[in-house]
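Student: For reference, the chains in residue letters:
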Amino acid sequence: MSKPEVNISLHHVTRVEGHGNIYVNLKDGTIKKCEWNISEAPRFFEAMVVGRQWNELHHITSRICGICSIGHVLASLKATEAAMNIPISEQDLILRKLALHGENIQSHVLHIGYLVLPDLMGVGSVIPLASTHPEEVKTVIRLHRLANDMSNMVCGRTTHPQRLIPGGFAKLPTQKELVDLKKRLKDSIPDLQTAANLFKTLSSGFPDFQRETEFIALTDPNEYALYDGELGSTDSKSVPASEYLSFTNEYIVPQSTAKRAKHLRDSYMVGALARLNINYDKLSPLAKEVAEMFDLKPVCHNPFMNSIAQLVEVVHSVEDSIRLISELEAEGLKPQPDYFRPEIKPKSGRGVGAVEVPRGILFHDYTYNDSGACTKANCVIPTNQNHGNIELDMKALLPQVMDKPKKEIELTLEMLVRAYDPCISCSTHYLNVHFE
Amino acid sequence: MKPKVAFFDFAGCEGDELQIANLEEELLSLLGHVEVVSFREVMKEHSNDYDIAFIEGSCTRLADEDRLKEIRKNAKIVVAIGACATIGGINSLKNYKDPDEVGRIVYGDKAKLFDTYAARPIDAVIPVDVYVHGCPINKEEFLHVVKSLLMGKKPDIPNYPVCVECKKNENVCAFERGEFCVGTVTRAGCNSCCVNEGTICWGCRGLVDNPNENSHKEVLLKYGLTVDETINKFRLYFAWQGRGK
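Protein sequences, first through last, are from chains D and S. Under the numbering used here, residues 24 to 459 are what the first sequence spells out, in order. Under the numbering used here, residues -8 to 236 are what the second sequence spells out, in order.
I should point out that these hints are in silico values taken from the structure, not numbers from a laboratory. Remember, predicted model here, so these are calculated numbers, not experimental data. Glycine included, every Cβ here is placed at the ideal spot set by N, Cα and C. Careful: at least some of the hints might be erroneous.
As the list claims (entries may be wrong) - With a Cα cut of at most 25 Å, we get these calculated SDA-like pairs of lysine to any residue:
1. S:Lys35 to D:Thr224
2. D:Lys120 to S:Asn86
3. S:Lys35 to D:Glu58
4. D:Lys399 to S:Asn86
5. S:Lys101 to D:Tyr46
6. S:Lys35 to D:Lys194
7. S:Lys88 to S:Gln232
8. D:Lys399 to S:Gly99
9. D:Lys50 to D:Leu415
10. D:Lys430 to S:Lys35
11. D:Lys430 to S:Asn39
12. D:Lys194 to S:Lys(-5)
13. D:Lys120 to D:Lys357
14. S:Lys35 to D:Asp231
15. D:Lys368 to S:Gly99
16. S:Lys101 to D:Asn401
17. S:Lys(-5) to D:His34
18. D:Lys357 to S:Glu161
19. D:Lys161 to S:Lys88
20. D:Lys206 to S:Glu17
21. S:Lys(-5) to D:His156
22. S:Lys101 to D:Asp231
23. D:Lys285 to S:Glu161
24. D:Lys209 to S:Leu14
25. S:Lys35 to D:Lys399
26. D:Lys209 to D:Glu312
27. D:Lys206 to S:Glu15
28. D:Lys429 to S:Val33
29. D:Lys194 to S:Asn187
Said to hold, decoys possible - A short, non-exhaustive set of chain D residues, derived as facing chain S with CB atoms under 7 Å:
30. Thr37
31. Glu40
32. Gly52
33. Lys55
34. Gly179
35. His183
36. Lys357
37. Pro358
38. Tyr362
Put together the whole structure using the sequences plus the hints.
Tutor: Put into structure tokens, the structure is as follows:
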């Protein structure tokens, strides 16, 4: 008996950042078409920054993404600092790590609490949950606000932060603000436990799906690498981050001209699950406990578990931030003049900045001339690196669900895309072409 | 009956919609007064029956004009949120470059497959009723605008330069520190937030309605700034508003 033909055409998948489409055609029990396409308007950042000065680039490229703008600023500053040999102090390094933790907590809580939770609760958005599950929603809001307050305090603003500048900070938080923050972080641990318990009761809602792939993330012998490290892979040896092009190998596929990336296999995955798979041993104690609750250990090949890896990372970021603030406290925060500008003489050169941002490893690569103007820029965004892996996951997942009702197939595919927490408006490389 | 509201995004970073999420508990109370019928970033449901449309992002391709016109047709009130929507934003930086060159730099020999044109604010395509400025928007100002609309009032948006707020905040003037700032001609309402945080005003809220250009020129001359430096800083956010000037 022939099976009915199933056509899925999901335009602008909801509850993801940016615009992406899913196209599937199933005929006689076989996959005739399975595509994950991007329809975001291209924005041309790498061309826009050419000719701009070294001390403006982070301001411009932070606008690539509103959700991970702190990460973009940090990758941008690291690239500029590498190109011009600009040092930063130990204190500024710790503060930058705090900034990154703040953003990771904010972005992860937003994703798992506002975007993934509705799927597990069987509703279309977080809005109805506010009245049916007020305590759960309030817990999510409290954690989200804490992360935002942390970013505000360290960076001066949660989105497109102003304090982070080449060579350091234009303005510092006060020691009292940091100590108060440490207390709030400690007080948030019961909320983290509530959140972990909530997801534990719902985690059977994640499809049981495995597809072996390569995972890529920064790695460091001394810590759970986020701000710095070498490029690590579950398939190969680490290399210095400046050699990122040998890992990312961007290419264009005929049916969708959005750039993709591959290393040793047909695709690879970046993000919380990749980091956890590569750096599990360096997680904080409480974060490991949460990972164990979900039986999440390396190497996990279920992409749906990326959301749980994000939950684990939230716990890690809270614990590690407490540790970092204690370090600053012990040393005593060194003050600096108002409107501080480190002395920098621009010079020519090329620099690469690699940072682990919420959705995975991010690269900014700039070349400057003698007068400090940018002559060439390349930004490789986490979501770009994941597109190939998303599509291959879809192809592997479809046979598992193709006998189910169309609505259910659609929901499973959407949940898969959401698990990657794609950030499509990070659109330096996207373009909108439909070949039919 | 609660007014129906919808959110839409075009070319931008979605940082303005994030500011709305960042209202946290206040967002819950706001949801008591409006019915959100479309918000792709946070909900699955969608309806074309809405009273107020909030639009983030610039229009950067012909194909998006139809979507904008459809929104205009459906909505009683159109609100542009964030610099990309109100003034073209950072996206407009590319308007100063040769479009072929821009495409080639990013996409090489595949650039011809692009559908793109000069980035522009929403009101370059459809009439806009209310503007929430900034990159990103200020969430308090967004709340003020929504409350005003719900009460049928015109929101109160400043039409004087950032310098007024900056002086009140007792900042040391960027020019006095040897830096370049465009707060002299930029619309206030941000409480000079960037200068307060130790940097300069970049101009993200756009030009005030009647910028005092002569007095701004005097400031530039006084501090010995070159035409190139001036133009470069102006292009960051004023590319669309200042075109042809």
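Student: Determine for every hint whether it applies to the structure shown.
Tutor: Outcome of the hint check:
| no. | hint | in the structure |
| --- | --- | --- |
| 1 | S:Lys35 to D:Thr224 | holds, 23 Å |
| 2 | D:Lys120 to S:Asn86 | violated, 36 Å |
| 3 | S:Lys35 to D:Glu58 | holds, 20 Å |
| 4 | D:Lys399 to S:Asn86 | holds, 18 Å |
| 5 | S:Lys101 to D:Tyr46 | holds, 23 Å |
| 6 | S:Lys35 to D:Lys194 | violated, 41 Å |
| 7 | S:Lys88 to S:Gln232 | holds, 16 Å |
| 8 | D:Lys399 to S:Gly99 | holds, 13 Å |
| 9 | D:Lys50 to D:Leu415 | holds, 19 Å |
| 10 | D:Lys430 to S:Lys35 | holds, 13 Å |
| 11 | D:Lys430 to S:Asn39 | holds, 22 Å |
| 12 | D:Lys194 to S:Lys(-5) | violated, 42 Å |
| 13 | D:Lys120 to D:Lys357 | holds, 17 Å |
| 14 | S:Lys35 to D:Asp231 | holds, 23 Å |
| 15 | D:Lys368 to S:Gly99 | violated, 33 Å |
| 16 | S:Lys101 to D:Asn401 | holds, 16 Å |
| 17 | S:Lys(-5) to D:His34 | holds, 23 Å |
| 18 | D:Lys357 to S:Glu161 | holds, 24 Å |
| 19 | D:Lys161 to S:Lys88 | violated, 48 Å |
| 20 | D:Lys206 to S:Glu17 | holds, 24 Å |
| 21 | S:Lys(-5) to D:His156 | holds, 23 Å |
| 22 | S:Lys101 to D:Asp231 | violated, 39 Å |
| 23 | D:Lys285 to S:Glu161 | violated, 53 Å |
| 24 | D:Lys209 to S:Leu14 | holds, 23 Å |
| 25 | S:Lys35 to D:Lys399 | violated, 40 Å |
| 26 | D:Lys209 to D:Glu312 | holds, 17 Å |
| 27 | D:Lys206 to S:Glu15 | holds, 21 Å |
| 28 | D:Lys429 to S:Val33 | holds, 22 Å |
| 29 | D:Lys194 to S:Asn187 | holds, 9 Å |
| 30 | Thr37 | holds, 5 Å |
| 31 | Glu40 | holds, 6 Å |
| 32 | Gly52 | violated, 28 Å |
| 33 | Lys55 | violated, 24 Å |
| 34 | Gly179 | holds, 4 Å |
| 35 | His183 | holds, 6 Å |
| 36 | Lys357 | violated, 16 Å |
| 37 | Pro358 | violated, 13 Å |
| 38 | Tyr362 | holds, 5 Å |
Consistency with the previously given hints fails for numbers 2, 6, 12, 15, 19, 22, 23, 25, 32, 33, 36, 37, ordered from lowest to highest.
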